[in-house]
Amino acid sequence: MLFELRDVSLSAAGRLVLDSVDLDIPIGATAIVGPSGSGKSTLLRLFNRLADPDRGSVHYRGRPLVEYDPLGLRREVSLVPQLPALLEGTVESNLRYAAGLAGREPDCARCLGLAGLDGAFADRDVRKLSVGEQQRAMLARALAQEPKVMLLDEPTSALDHDARDAIEATLGQLRSELEISLVVVSHDPEQASRLGDWLVRLHEGRVAGCGPIEEVLR
Amino acid sequence: MSAAIHVSLGQVAGSLALVVLAAAISLWQRADLERDIAVATARSFVQLTAIGYAIKVIFEVDSIWLVLALLSVMVLFGALTARSRAKRVPDAFWPLLIALSVAGATTLGLVVALGVFDPTPRYLVPVGGMVIGNAMTASAVALNRLGDEVSDSRARIEATLALGATAREAAAPIVRRALRSGMIALVDSTKTTGLIFFPGTMVGMLLAGAAPSDAVRLQLILLYALLGSVAIAALVATSLGYRGFFTPAQQLREPLD
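Protein chains in written order, with the numbering used here: chain A, -14 to 203; chain B, 1046 to 1302.
The following block holds chain A by itself, in its conformation from the complex (with noise of 0.2 Å):
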């Protein structure tokens, strides 16, 4: 299993936001899927260490996730935020920040095709883009650390339906050519069956549905 939760609960702002959830994610795409506030944001927090829960456990390929260190933990996991929330500067120095903190030189060319942005996007203050380029160029820059894993909150919730479909192509070649494992949230079950070959359903903090998609779908 990629990741492993057992009776695992967290609250914050006062409220419940995880509770007793127990929950298996398998090598490979899996989707979450679940209404606004169903805590689907807050597991993708979980896998990197961005939170720990209040109560319970999680495991990362069989150990503890507490047991490895969070910097080389986050490198290895890749959490791409819903907002994008880019350095100060060019496209090009957002993903050499993050290829050098992973100790490797980025091919930003490749990375920002694969995140479906022309070249030219390499210089361009990132001030300057749109919502969709900025949450594309989030993508290129989590691709620039060649995580094995890829937490994505709504990679597509600001894209028109080309872009879209075009990140959608992205995260299916990532999946079979570089063997990258893809946890992705979404709000839309069509574009999951899409995605992924498992899913998760949560609603209000539980699990309300968790297995292969087309049992869960039925």
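No lab work stands behind these hints: they were computed from the structure.
Small disclaimer: the values here were computed from a predicted structure and weren't measured.
Among the hints, a few may not be true.
Stated by the list, open to error - Covered stretches of chain A, going by a simulated chain B footprint (3 or more residues, C-beta under 8 Å):
{"id": "1", "segment": "31 to 41"}
{"id": "2", "segment": "52 to 63"}
{"id": "3", "segment": "70 to 77"}
{"id": "4", "segment": "81 to 91"}
{"id": "5", "segment": "118 to 132"}
From the three backbone atoms N, C-alpha and C, an ideal C-beta is built for every residue, glycine too.
The hints should help you fit chain B onto chain A, whose structure is shown.
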């Protein structure tokens, strides 16, 4: 330098006419500051009179230990005051206490070591008060800004942490901005010294009958000492203060408010 001037209580009482004028303006313009003006006037009278007697005793006893004790009390109250202005920074007291201590010790130590001042109460008490007071203001402004910046930049900080950056790396841009905001006021006022305003020490010396050249030189020494102390205080306060926002696992803590 001529003999020191003497000010009678009657002269002090006469200057209260200007306080009455300030209260009248507040009343007339409905600024609602009359009560604050009265409290400020009473507090300044009591506090300055008390410190005047304390300084008189310290000068007469002429003990370096008593001076150090007074400066320590100033640092403690300075840190407590600055903490109240940095409410969004978790555990701000210790970074502030260390910042003021290091700024005071370094600046006073250096001016004494360079032979600028003799290590006597007559120099160390007033100069120490100025150094610690300015360091307090700078570190309070810097930490206040740090708290606002973290609050406004949570998404960017977390996105940077998510790449595997350390808390220090993720906070570096905001620490830099906070440090700058702590220092900028004194840097700007130093630039305009002598053009737009005359600083207090120089005014005091001129009023007391000192030669203008002496007043200017002493003021320059103090300005440079203050620049150093403000830079040290803001640097130490921000370098230690940002840590309170993060857990040992390099996670951004939940906001205090």
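For this session: Would you pick out the hints that fail for this structure and give their numbers low to high?
Result: Structure breaks no hint.
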